[in-house]
Amino acid sequence: MSKISRRTFAASTAAVAASAAFGFKPALAQAYPARPVTVIVPWGAGGGTDATARIVAALLEKDLGQPFNVVNRTGGSGVVGHSAIATAQPDGYTIGMLTVEISMMHWQGLTELTPKSYTPLALMNEDPPGIQVSSSSPYKTVKELAEAIKAAPPGKFKASGTGQGGIWHLALVGWMQAMGLPANQVAWVPSNGAAPAMQDLAAGGLDLTTCSVPEARAIIEAGKARSLAIMAPARNPIFKDVPTLKEAMGIDYATGAWRGIGAPKNLPPEIATKLTAALKKVYDSAEFKDFMSNRGFGTVWGDAAHFAGFMDKGDAQMGEAMKAAGLSKA
Amino acid sequence: MRLPDSVTGSFLVVLGAAAAYGGYILPPVPGQPVGPNVFPLVIGTGLALCGLAIVFGIGHSFEEEEELIPMEDGQAAAPPPQGRFYGLRALLPPALLLFYVFAADRLGFIITAAIMVYVTSTALGAKWKLALPLAALSPFAIHLIFGKLLRVPLPAGLLPTPW
Amino acid sequence: MLKTLIDAFALISTWEVIIAMFAASVYGLVIGSLPGLSATMATALLVPVTFYLSPIAAIATIVAASSMAIFSGDIPGALLRIPGTPASAAYADEAYAMTRKGQAELALGAGVWFSAVGGIAGVLSLMILAPPLAEIALSFSTFEYFWLALLGLMCATLVARSSPVKAIAGMFLGLLVSCIGIENPGGIPRFTFGITDLFGGIEPIPALVGVFAVAQVMRAMLTPEPPPLPRRKFGSIMAGQWKLTRKYHWQMTRGNIVGIIIGVLPGAGADMAAWVSYAMSKRFSKEKEKFGTGHVEGLVEAGASNNASIASGWVPSLLFGIPGDTIAAIAIGVLYMKGLNPGPTLFTEKASSMYAIYLMFIIANILMIPLGIAMIRVAAYILLAPRSTVMPIIMLCCAVGSFAIGNNMFGVVTVAAFGVIGYVMEANGYPVAAMVLGIVMGTMVEQAFVTSLIKSDGSILPFFERPVAAILAAMAIGALLWPVMVWVWRKVKPAQTAMATTR
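Residue numbers (the UniProt record's numbering), protein chains in the order written: chain A, 1 to 330; chain B, 1 to 163; chain C, 1 to 503.
Only chain A is shown next, with the shape it has when bound in the complex (with noise of 0.2 Å):
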């Protein structure tokens, strides 16, 4: 019995074996995945990048029948996942998520890494930066507000919602360079993320946040805090009340923070091809539609190219801000 049993054991290994020896070349886009894939997500367990990264890995070893494996990589700020990402071999069996930091450290000089050193697969999500008053604040409309910054000293009005030279501190330079205002008009107040920086809008502390809209989503809801715009193209249909920046004062600017899959450099385009496809099948999946609209994140689909030349834009017009905003090295 035992000896049968080890005998089809040694057969099958061989034919695996042999399998593998003779594998043909061309074969191999067909082949891919043969093995589970690592996907590098260099941030924190539990957190918005996380929870995208989970879903789009599930439905992804759903369509291609191999585990794809999320792994947070952190540390320093982002730049340890992203470089994991950039630096491991590029044969499609580790990728990666990239959030929008890639288009914004290197300009501060923490790292050599750009937009260019991936293989961009897909652009997945996009949310824009509201702005947000506390609902004891006397502005009503965004207008208001922009009027009595415009009126105010330089420095009177206080702003957080990320860190000095994060995301949405440049959604609000951005935003004052669009009014012709200087890059600090308004003073940041340097928050450790966005819920501590609504916590603070709440307690009063603050006069106005520009982090995204679904950060602030529960504060909104508790109806401590107002959102008076955002910084899109079009509204967010779970705000519908929420005017873009275009609609309340004629300014035509937009940001916002994005996430999208990407690998090494140099990887196979047949593999690139593979998995950009089962990307938009994922995109396009009834399941992510709902997880994502169900946290307040926005979709945009992006393929490879898209992907790439929406990452350089964001690239130019981020260093832009951190020009004006002093912030750049570069």
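Hint data in this document are derived by calculation from the structure and do not stem from the laboratory.
A couple of the hints might just be wrong.
Capping the alpha-carbon separation at 27 Å, the derived lysine-lysine pairs in DSSO-like fashion look like this [what the hints assert, rightly or not]:
1) K280(A) / K338(C)
2) K150(A) / K246(A)
3) K156(A) / K246(A)
4) K62(A) / K148(B)
5) K288(C) / K101(C)
6) K323(A) / K313(A)
7) K286(C) / K338(C)
8) K289(A) / K338(C)
9) K62(A) / K338(C)
10) K338(C) / K240(A)
11) K148(B) / K338(C)
12) K289(A) / K101(C)
13) K350(C) / K240(A)
Simulated restraints on C-beta separations [what the hints assert, rightly or not]:
14) L41(B) / G155(A): 20 to 30 Å
15) A136(B) / W487(C): 55 to 65 Å
16) K491(C) / S6(B): 22 to 32 Å
17) Y86(B) / W15(C): 52 to 62 Å
18) G155(A) / K247(C): 41 to 51 Å
19) A277(A) / G339(C): 25 to 35 Å
20) V486(C) / S10(B): 26 to 36 Å
21) F102(B) / K329(A): 30 to 40 Å
22) S10(B) / W487(C): 48 to 58 Å
23) A136(B) / L384(C): 45 to 55 Å
24) A18(B) / G155(A): 53 to 63 Å
25) K290(C) / S6(B): 29 to 39 Å
26) A18(B) / W487(C): 47 to 57 Å
For the chain B half of the interface with chain C, some residues (derived, Cβ under 10 Å), not all of them [to be verified]:
27) T8
28) P27
29) V38
30) G46
31) L47
32) I58
33) A90
34) A104
35) L107
36) F109
37) I111
38) L130
39) P139
40) R151
A virtual CB, placed ideally from N, CA and C, is assigned to each residue, including glycine.
Dock chains B and C against chain A, hints included.
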């Protein structure tokens, strides 16, 4: 490693001064009146002052110094130093951790962990009859919990695990 | 109300929820009790698992695992002097001293019993007082946080048994460590020396593991195997707890209240609650001199405070989506992932799910008593095992645990470095627990201090203007000046008596 208070206190003075200087030379952040340089200045100054107080033994007059650490039984009697390099044995655990950092990716978790366990165990006086089975079994147990159940990506290296 | 409660019961009495809860409890107890692994890590590692569970079962695993892991962090603290969480670092010396006196079962029994009581008190506050507690949380601006953090730091001197100057020096060292990284007000690299891995700063957990666990193994290398503890029968764990409850009922209540209030304030959390409560217990005790020699009083108050803050930490999380601590941050992620979005609608539209969360908290804290006792019984065998088998396993756990936090080898390097730092500090009488407190609180102190100054345009007046800030400021300054005043009083008094006799 018991050093006189004057030595540790002086070290703190130097460290505090270095931290304060390090904070002082940080470039100012545009648009930020109070920046990242303030806190190191405050901390460094405080640390240096504490160091000075320790050098001059001010802590003693405040409150009599009590028994340092609750020593383990039998530890109070100093062990007989066995040779000049006996004290260096204490550096073995951090050295083994660094060995893990550099070797785990190449050798894999199981082999590296087995070496670590075997060395630590024998250094603490275990006979090979105890250390060898421990080194052979415990890495698999840890790998089963973390690598398999909790999906921590432990490096496979030369010896892939059976699961 | 009654209907929601019945609906809530129906939600949690499915096999999936019951099994998930039981399994997560055992998991939390085991991970929390392994030296080198922490409650936060235990919770973070559960996230992938919750992805495949139903919403209520997913929350059940987080609730059960985090409550259990926070308690069981006390176990290695008491048995090996290797605290599992920054919270239990506050009283690890005390519990370990009790173990050496042969009272391990009393120390750990107090841990499990008062943790459970504190946990239930915390849930009740969450059920009954959530809206007013939330108001407290939202009345705290950075000015108030600054004073709160300062009060927290002062506990370092009260808790330490060595010279207060050395305790303060240890605390400053911790604050200095927290300066490393780019998570500072300017968002620029500070003390990183061009090392990318240092950008994120030094996490408190690897530092804690290094200064306690690795340093303990280092000490073992130089000392002969201690004689085994006197073979006593490991007595009943719960016996005597009722007596303690009656004797220290005021300390217990005070611990619960302090824990609930600190827990509600986002960012402070369980770590600070245990420190503040232990320090308060010592400060107001009638038997101050017994603290540090294996006295149970401080363990009662800190244990009661610790777990109360875990439950009340869910108040800002559930109402506003603002996490109370790192565990709550992960829990919020899971809530969103499962469609139970935090916010007031959770209390109205999804009231039955809300009540289900409350019930699970209560059940987890009741379940903690039998499971905790079983865990203590198993863990106590460590005291009988030879050192040469326990220490190697601790080393492995340190390596794997510090790697798993960020799946980054740099965590292991941090642990090794802090092992050396902790060893040298202890050998020279600098309390390492004070340094851990400094690292935990550092970012909060700096953030509160600097952002307050930015908001007030450099004026210090707003630090005293707001009413809550003024009260906290008075407390902090009073606590700061008190020892100086006592010292001056002692100096002046003998002089006066001397003068009186000469006259």
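Inset, instruction - Enumerate the violated hints, using their earlier numbering and listing them in ascending order. - result: Going through the list in order, the structure violates hints 7, 12, 18, 22, 23, 24, 26, 35 and 37 and respects the others.
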